[in-house]
Structures are given as C-alpha cells and as structure tokens.
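*Asks:* Below, each chain spelled out in residue letters.
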Amino acid sequence: MYEQIAFYLFSVLTIGLFLVTVLSKNILYSMTSLAAGMVMISGFFFILGADFLGVVQLIVYVGAVMALYAFAMMFFDASRDVKEKNANGAWVFLLGGMIALMLVIVFSAPIYSENIQAIYPSIPGATNPQSVGLVLFTKYLIPFEVAAVMLLVAMIAGIILAGKKMDQSLTTEDDSVATEVISQEDEK
Amino acid sequence: MIGLNHYLILSGLLFAIGLVGVVRRKNLLMLFFATEVMLNAANIAFAATSHYYGDLTGQMFAFFIVAVAASEVAVGLGLLIVLYKKHGSLDLDGLSTMKG
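Here the protein sequences come in this chain order: A and B. Sequential numbering of the first sequence, starting at 1032, is according to the numbering used here. Sequential numbering of the second sequence, starting at 17, is according to the numbering used here.
One chain only, chain A, in its complex shape (with noise of 0.2 angstroms):
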C-alpha cells in the first residue's frame, strides 16, 4: 500500500521534473530541476532496498555533479534564456514518440525469466550496505580499481582542460561591452 502510494508519487514528481530539465529554457531552472529528479530517484532506491546506491545517488549525483554544474555554470551566462532555433520540432517530438512508445513496448513486453539465475544473491542475514561491499571488493575488485584510474584520469583531464588560462576572464568581451557602455553615458 505505501509502497505504491511512494511509487506513484515518485513516478509522477521525477517524470515531471525531467520533463521541466528537459523543455525549459534557463539553464538554471534546468539545473534544479535535474537536481530535485535525482533526489527523487534516489527515492526509488530507497523503496527498492538498494540503501547504500540511494545514498551513493545523493552524494555522488545531488552533490558532486549538480555542484560541478553549478560551479561551471558560473563560467556561462546563465541567466539569460537559451536562444535555440529548431527547424523542424514536429519531426523531432514524433520521433521521439515512436522511439518512447518502441521502449515501453520492449520493457512491458513479457520477460522470459525462468532461465535468469542470480549469479552472486543477496546475501541472508546482512544488511545491503554489507553484501554490496562484500560483492563489490571480490566479484568486482578489478572494475572498481579500473573505474578509480578512470575517475583519476577525467580528474586530471578537467583541470588540465578547465585551468588552461584561468586568469582570463571569460566574460571579458561583455565587460568592455559593459565598460563602453558605461563610458557613453558617462559622455552624454
């Protein structure tokens, strides 16, 4: 009963804030949305019993990357409204309905399940913060070193490709605009 109640709930609030990420458009909106959405699927987790992947969801997305877009939303200007011309919208929203109505047909489609064993199940008797730490660092020891040298070398990458001439100003034409702007009425 609750479970359904959240699950509806959820459904509804994450389905209408990513349509607001994806339609609107300020960036900022955008962005806010896309950050409430991931809180509220870090509520699917939660329902699901994935305790340690939802709380993974808040810190990991709601926290480092929704941040990472904030800070880099300061290099853009964002608070002007995006100017995007779209030649065809028609062809683009019924596409994009054909390729929605294809994907629920395949999830809803009856899935043959019988064959499908659980290679490493749940373990009984531990907590799921417990047998995720207890599968991830034996079954999938060598992807999560490969994914810390992968998470390493986007590091790397960001501040070699961020920090290039960090002490240009990026919005320095709009400054002199600004100042010519300035220096004008300063004439008259």
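Simulated from the structure, these hints should not be mistaken for lab results. Glycine included, C-beta positions come from ideal geometry on N, C-alpha and C. Don't take each hint at face value.
Stated by the list, open to error - Covered stretches of chain A, as calculated for chain B (at least 3 residues, CB under 8 angstroms): (1) 1064 to 1074; (2) 1150 to 1162.
Claimed, not checked - Here are the simulated distance ranges between beta carbons: (3) B:G104 - A:L1099: 20 to 26 angstroms; (4) B:L108 - A:T1158: 43 to 49 angstroms; (5) B:L108 - A:G1047: 24 to 30 angstroms; (6) B:V39 - A:G1194: 31 to 37 angstroms; (7) A:I1090 - B:G104: 30 to 36 angstroms; (8) A:V1135 - B:L95: 29 to 35 angstroms; (9) B:H22 - A:L1099: 28 to 34 angstroms; (10) B:G19 - A:G1194: 45 to 51 angstroms; (11) A:E1034 - B:L111: 43 to 49 angstroms.
Unchecked claim - Straight-line C-alpha distance at most 27 angstroms; calculated DSSO-like pairs for lysine-lysine: (12) B:K42 - A:K1056; (13) B:K102 - A:K1195; (14) B:K101 - B:K42; (15) A:K1195 - B:K42; (16) B:K101 - A:K1056; (17) B:K101 - A:K1195; (18) B:K42 - B:K102; (19) A:K1056 - B:K102.
On the provided structure of chain A, position chain B as indicated by the hints.
*Replies:* Quick look at chain B alone, frame taken from chain A:
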C-alpha cells in the same frame, strides 16, 4: 503490488524524456542534462532488476554507471569551458566549422 514491469516502464519513459532532450536541444549544457536523465533511467532499471531477481549485479552496474557519469561530467565540463572560451557560446550549430 508494484512489480518489475512498473519500474521498467518508468525507466523507459524517463529514458525517452532524456532522448527527446538529446534530439531536441541545441545547447550543449542542456544536452549534458539530458544525458544525465538517460543515465538515471538506466540506473532505475538496474536497481529494479537487482531487487526483483535477488541479485546484486544490477546494483554493481549502477555504481559503475555513477562513476562513469561523474567522470563524463568532469571531462565534459572542461571541454565546454574550452569551447566557450573559443566560441563565446554553447550552441551546437556553432560547432559545424568543418561543414563543406
């Protein structure tokens, strides 16, 4: 009772929303947001299958998807900043400099 199909349909809907965003938007930052939506939809599907089959592999894949998304954001935002310095905008049409 909420079954696996409910979660899979929800995941498919969210993935379609992200896909519409990827196809429709022309701003690169908005494309990144749509990509995040798609990754989250995949995460929901993985967690749901993991729960309903009593298998932890789905949660492991979801963790690695989170790691991939984090590194993607780090590299992608660096590239976006370089692009913004070069072009002054994040428009996707501005990238077609090699157009013949």
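*Asks:* Which of the listed hints are not met by the structure?
*Replies:* none
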